[in-house]
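Protein chains: 10
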Amino acid sequence: MTSDKSDPFMLLETFANPHPRRDYLIEHHVHEFTSTCPKTGQPDFGTIVIRYVAGERCVELKSLKLYLQTYRSRGIFYEDVTNVILDDLVRCTQPKWMQVQTTWSVRGGIHSVITAEHGVRP
Amino acid sequence: MTSDKSDPFMLLETFANPHPRRDYLIEHHVHEFTSTCPKTGQPDFGTIVIRYVAGERCVELKSLKLYLQTYRSRGIFYEDVTNVILDDLVRCTQPKWMQVQTTWSVRGGIHSVITAEHGVRP
Amino acid sequence: MTSDKSDPFMLLETFANPHPRRDYLIEHHVHEFTSTCPKTGQPDFGTIVIRYVAGERCVELKSLKLYLQTYRSRGIFYEDVTNVILDDLVRCTQPKWMQVQTTWSVRGGIHSVITAEHGVRP
Amino acid sequence: MTSDKSDPFMLLETFANPHPRRDYLIEHHVHEFTSTCPKTGQPDFGTIVIRYVAGERCVELKSLKLYLQTYRSRGIFYEDVTNVILDDLVRCTQPKWMQVQTTWSVRGGIHSVITAEHGVRP
Amino acid sequence: MTSDKSDPFMLLETFANPHPRRDYLIEHHVHEFTSTCPKTGQPDFGTIVIRYVAGERCVELKSLKLYLQTYRSRGIFYEDVTNVILDDLVRCTQPKWMQVQTTWSVRGGIHSVITAEHGVRP
Amino acid sequence: MTSDKSDPFMLLETFANPHPRRDYLIEHHVHEFTSTCPKTGQPDFGTIVIRYVAGERCVELKSLKLYLQTYRSRGIFYEDVTNVILDDLVRCTQPKWMQVQTTWSVRGGIHSVITAEHGVRP
Amino acid sequence: MTSDKSDPFMLLETFANPHPRRDYLIEHHVHEFTSTCPKTGQPDFGTIVIRYVAGERCVELKSLKLYLQTYRSRGIFYEDVTNVILDDLVRCTQPKWMQVQTTWSVRGGIHSVITAEHGVRP
Amino acid sequence: MTSDKSDPFMLLETFANPHPRRDYLIEHHVHEFTSTCPKTGQPDFGTIVIRYVAGERCVELKSLKLYLQTYRSRGIFYEDVTNVILDDLVRCTQPKWMQVQTTWSVRGGIHSVITAEHGVRP
Amino acid sequence: MTSDKSDPFMLLETFANPHPRRDYLIEHHVHEFTSTCPKTGQPDFGTIVIRYVAGERCVELKSLKLYLQTYRSRGIFYEDVTNVILDDLVRCTQPKWMQVQTTWSVRGGIHSVITAEHGVRP
Amino acid sequence: MTSDKSDPFMLLETFANPHPRRDYLIEHHVHEFTSTCPKTGQPDFGTIVIRYVAGERCVELKSLKLYLQTYRSRGIFYEDVTNVILDDLVRCTQPKWMQVQTTWSVRGGIHSVITAEHGVRP
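Residue numbers (our numbering), protein chains in the order written: chain L, 1 to 122; chain A, 1 to 122; chain R, 1 to 122; chain P, 1 to 122; chain Y, 1 to 122; chain H, 1 to 122; chain U, 1 to 122; chain X, 1 to 122; chain G, 1 to 122; chain D, 1 to 122.
These are calculated hints, taken from the structure and not from any lab test.
Chain D is nowhere near these chain G residues, computed Cβ spacing over 12 Å in every case:
id, residue
1, 7
2, 18
3, 79
4, 122
Lysine-lysine pairs mimicking PhoX-like chemistry, simulated, CA-CA at most 25 Å apart:
id, chain 1, residue 1, chain 2, residue 2
5, L, 62, D, 62
6, U, 96, U, 65
7, R, 39, U, 39
8, H, 39, D, 39
9, P, 39, Y, 65
10, X, 96, X, 65
11, R, 96, R, 65
12, G, 39, L, 62
DEER-style ranges, computed between Cβ atoms:
id, chain 1, residue 1, chain 2, residue 2, range
13, R, 37, H, 56, 20 to 26 Å
14, X, 8, P, 22, 57 to 63 Å
15, A, 73, X, 63, 29 to 35 Å
We put the CB at the ideal spot given by N, CA and C, even for glycine.
Given these sequences and hints, build the entire structure.
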C-alpha cells in the first residue's frame, strides 16, 4: 500500500497493546469535531465515540486528535465521514472489533447520529 | 406506480449510499413536528426519530424536512401518521431495516409514543 | 358477556387499528392518576404507562382518560389496580401483547412500581 | 369569628412555635394535590409550596395534609385556590410572612404557576 | 377602539380577577408555539412564558390557546411577535405588570430568547 | 422452624397475592435505610430496591418498613445485610423470583452496590 | 456556663480560624442525618447545610459528624432540631454569621425545609 | 472610520428595531464556535451568549453566524475574542446595553468563562 | 509466588465471603483516582468501577482504597492501569467473574473509558 | 519581597490584560485538584473556581495548572488552601476583584465548600 504525506491517515500512530491476550474494551469520546458541509460550505459540528477491542496495536491519543483535526476544512457528508474514520482506524490498528459513532448538531430542526462497525464484537 | 405532484411523497429525495457494502445505522432526530388532530381540529406537536440501515439509497435531509412540513395542516391520528411516514420513507429508500418513532406532547394528562418498523434489523 | 352501566369498563371505547398488518408499538404515558388506599382511606397518587401491540382495535384516548378517572374514589391496592386495568384493556382491545406499569408516590419512605403483562411481545 | 364543622379550615391545627424569638423560614413542599376544574368538571393536578416565617404558631403537618385533601372534590380555579389556601393558613397561624405557590399540570399545552404572598418577608 | 373579527386579538377572553386586592403572580408556560419566518417561509417553533400581576381582569386560558394558534401561519420575526403578544395581552387585561418571554429552537446553531415587559413589577 | 419474638423476621407480614395466576413484577424502592458498620461503629446509610414475582403471598408494606428499621442499630456488613434481607423476604413470601439491591453512601471516596437474587426470573 | 458530659454539645470541637482577618464563607453539606419523630416514634431522615463566616474559631469536621450522630435516637421536631443545631454551633464557634438549613424526606406526600440564621451576613 | 472588505465586521448586518420605544431583552445563544489558540495553534471550541437591549438597530442572525465563522482560522485568546466580538457588535448596533459571554471547552483540566459588558442595563 | 513489601498488591486484604453459596454481584464505585501520565509526567484523574461475583474471598474496602492510592505517583497508561488493577484483584480474591472499568478526564478534547473483564459472568 | 525557586508562587506567570479599560469577568473552572489532609495523611480531592476582574495582568492558564499541581503532596486544610491560593493569585495579578471557591469530595458523609474574596466586585 502506498500513501503520500498529505493523506491524513499518515498522521495516525499506534502503540503495542499492553495486554493483547485479554479482549477488553477501549472507548475514546471526542467532544470536539468539526468538518464542512460539501453542499452548503457551512461548518458542521459533532462529537465522536470510538469503541474497539484491540488486536496487536492501540491508537495513540494525540495522533488521533491531530488526525481528526484534518477534517476541519474537508467537505464531507455525515454518512461518509463516519465510514472513512472507521476505515482509517481499522487500517492502522487492525482491531478485533471497532465501532465509530458520530452525533451532529441540529440543522433545520433535525440532528443525526451515524453508527458504523467493523468485525464482530468478541 | 403513478403519483401526482400534490402527493407529499414526491418531495422526498434520495442520494446514493456512499458505503453500501457495510450495514451501518443512520438516525435522524426531528425536534419539530406538528400536525392537526382530525377529531378536534386542534394542532398536535411531536418529535420523530427515524432509524434505518440503508440499502442503495439514503434520504436527503432537506427534502425530509420539507416532506414532514406537509403534515402541518393535515388532519391525521398518531398511529396513522407514524405508519404513513414509515411507508413513504420505505418506498423511496428501500432500506434493509427502518424504524419510525413519534413522541407526542401531553393531551389530557397523557402523552403517547408510537414505534413502527419495516424489515429485520441486520 | 353482560355488563351494567356502572361498570367503569363500559366507558372504554375503541377504534379500528389503521395498520393492522404491521405489528407496531403504542405507548400511553398517563401522568396523573389517583385512587384511594383501602386500608387507610388516604389518597394514593401515581403514574401509569400502557404499552401494547394492537390487534384489530386501538383504545381511544379520551375514553381511556375517563375510565382511569373512575379510580379517583375507589379503594384498591397497588397490585390489584394494575392487574384490573390490564384485564379491562385486554378485554376491550384484544391486543397481541399488552403491558401496564404503575409507579406510586412515596409512602413511609418507600415507593412501588408494579408491572403486569398479557401475551407474548411480537 | 364563627365557623361550622364543614368548613375545611376547621381541619387545620397549629402548635406553638418552638423558637418564636428568631425569624426563620419554614417550607412545606406538597407533592400531591388535586382539585376539580369548575368549568369542565375534569380533575386538576398540582404541587404546592408553602413558605412562611412563623409568628406564635406553626401549622401541624398532618392537619395540613387533611385540609388539602378537602379540595379533591371542590370545583375551584387555579387563581382562586391559591389565594384561599393562603387566606386559611394566614387565619390559623398569623405568620409574619407567608407565600403559597401552586404549580399545575399541562392543559392544552400550557401549564400555570400562581404565587401569592401575605405580609413582608422579614 | 374599533376591531374587526379577523383580528386575532378578538379571540382573547378575560374573567374577573378573584382576588383583586392582593398583588399576586400568575405564570402561564406555553409549551407549544409555532409561527412562520417571514424571510424564509420556514416554520419557527418556540415556547412562551407569560407572567403578570393582574389588575381587574385575568386572561382566560382556552382563549389564550386559540389566540396563540393564530400565529401558526403568520409570517413574523422573533422580536416582533414577542412585543405584539405583550401588547395584545396588556390591551385586554390591563395588568399592573406583565412579562412575555419567548424561547426559539435552534437555527444555524443559534437559538434566541426575547423578553419584553410592560409596567413595573409591584 | 422455630423463631422467637426478638427475631426481626417476625415483624414481616404478608397478604394473599390478588392475581396469582399472572407472573407480574413488584418493586419496592426504599429511600431511607440505615445500619451500623460492625468495624467502626459508625452509621451506614443506603437505599434498597426489592423486586419480585410473587407466588401465593405478597409482603405487606408497613411491616416491611418496620422490619427494615430493626437494622438501625445492628452492626452488619454491606454484603451480609443484602443477603439476610433477601433470605428473610424469601422465607416469608416464597416468591417465584426475588432480587434485593442495596446502594450505600460514599465512604473514603468509594460507594458500593450489592445485588443478590433468589430463583430464576420468569 | 456549666455542662455535663452527656450534653451532645460537649462533642463539638473547634480550631483556630487560619485567616481571621478575611470574611470568607464556609459551607458543610451533611448528606446523612437521621433523628426520631417525637409524635410517631418513626425515624426521620434529612440533609443539613451549615454555612458560616467564622470569627476566631472554626468547627472541626469529625466532631461535627459525631455531634450530629447524637440525634439518631433523639425525638425532636423539624423546626426544633434546626434551631438547636444552630444554637449549639453558634455557642461553640461564635461566628460572624451562620445559617443552618435542614431538608427532610417525604412524609404523607409532603417534604419540609427549615432555614434559620444567626447574625447578619457580612 | 474606514474599513476594508476583509474586516469580518463588514459581514454584520442589522435591521430596524421593530419596537424601539420599549426596552426589551434579546438573547442569542450560539452553540457552535471555534477559533485557534495563538500559542499552540490548536483549535479552541466554545459557546457564546449575546444579550442586549437594542437601540435603533438589531443584529441580523444569519450575518451574525457568518461573522462568527470568520474566527474559525483566527488565532486569538479567550479574553481577547470576547471583547472584540462585543466591540464589533456594539459598533454596528449601538445598543443601550450589551453583554457577550463565552464558555470554552476543557484544556488541561480547566475550562474558562469570559463575560464582558457595554453600557448599563436599563 | 514471592512478593516484596513494596509491591502495592501486598496492601490488598480480603475477608471471607459471607454468602459463598449464592452468586451475587458486588460493585465498588471509586470516585477519586489519580495516576501520572508516563509520557507527559502530568497527573491523570479518573473514576473506577469494580464489579465482581465473589468466590471464597471479598476485597476489604479500606485496603482497596490504600492500594489504589499507590497509583498517585506511578507513571502508567490508561489501558495498562485498568488491566493491572484487574490482575491484582483477581489474584487476591479469585472471583468467579470480575470487571474493572476506568473513566478518565478530558485530555485534548477527548475522554476515554477502558473496560476489562476476567472470567464469565455467572 | 524575596522568594526562592521552591515557592510554588514562582510558577505563576501573567500576561498583559488585552482590554484593561473594560471591567470584565474571567472565570477558570479547575476540574481536577488534589491535596493531602494534614491530619490523616489521606488525599483530598476537589474542584476550584477562580473568578476575577483583572487589573493590568491576567494569570496564564498553563502556569496556573502547574502551580495548582504543587498542592498534590502538600498537607493543608480546606480553609487554608482556599485562602493561600487567593493570596498567591492576588499577589501576582493585582486584580480589581477576585474570588476563589473550592468544593471538596465527601468525607464521613459531609462535603464542604469554601469561598474567599479579595476586593469589591466592580
